[in-house]
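Peer 1: Chain by chain, the residues:
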Amino acid sequence: DIQMTQSPSSLSASVGDRVTITCQASHDISKYLSWYQQKPGKAPKLLIYDASNLQTGVPSRFGGSGSGTDFTFSISSLQPEDIATYYCQQYDNLPLTFGGGTKVEIK
Amino acid sequence: EVQLLESGGGLVQPGGSLRLSCTASGFTFSNYAMTWVRQVPGKGLEWVSSITSSGASTDYADSVKGRFAMSRDNSKNTLYQEMNNLRAEDTAVYYCAKVGATILDALDIWGQGTMVTVSS
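Heads up: the protein sequence lines correspond to chains A and B, in order.
So the first sequence is numbered by the numbering used here: it starts at 1 and just counts up by one.
So the second sequence is numbered by the numbering used here: it starts at 1001 and just counts up by one.
None of these hints come from the bench; they were simulated from the model.
Beta carbons: idealized from backbone N, C-alpha and C, even for Gly.
Incorrect hints may appear among the rest.
[What the hints assert, rightly or not] A few chain A residues facing chain B, derived, Cβ under 7 Å:
(1) SER34
(2) PRO44
(3) PHE98
(4) GLY100
With the hints as extra help, turn the sequences into a complete structure.
Peer 2: Here is the structure:
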């Protein structure tokens, strides 16, 4: 199974700050990585697919990069509505596996 | 509007059975693979199973293999998860999610989830 190591597990930042989350795969997964946002009591929402492609309708302050084993997710200017837990997920191979999540809070 | 709506969750005793349903609308259901993902409240996301667009092929996490059976009825735009011999560790919110043309793709649409509680 491909293990996905996501860090940090939580972070606190001010409105307007740039936020960065990393995700490392235990094997080369090429570009087959997605990022999801989950707000409390809600289902996850796809933000980024194929490592760097923004899902339709997602604000451009969200972004992703990387390939192979190392990936980065960023929010260029944190907004109050971005408070959520973010997950990475690989779909290069079954079983599909998720990172442990990063809880983003406002300082 | 593209939508997935799960139903069928509830309280069941250990060793019992439950069938979850997921009804799709707003897209051509038969063109897409589908996936179930579960989440223990307060914890992370865990892939459970996936099915191809035709329903001819399914895959399962080791934790549910032999106990869960995923199927679909494309004429009814509905996905199913038959869960047998349920254990306490199966307690979670179960989400159905739309995949791409193949099983190996991002999960672009999610249902609201249905809670399954396994307890005596």
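Peer 1: Which hints from the list above does the structure break, by number from lowest to highest?
Peer 2: No numbers; nothing is violated.
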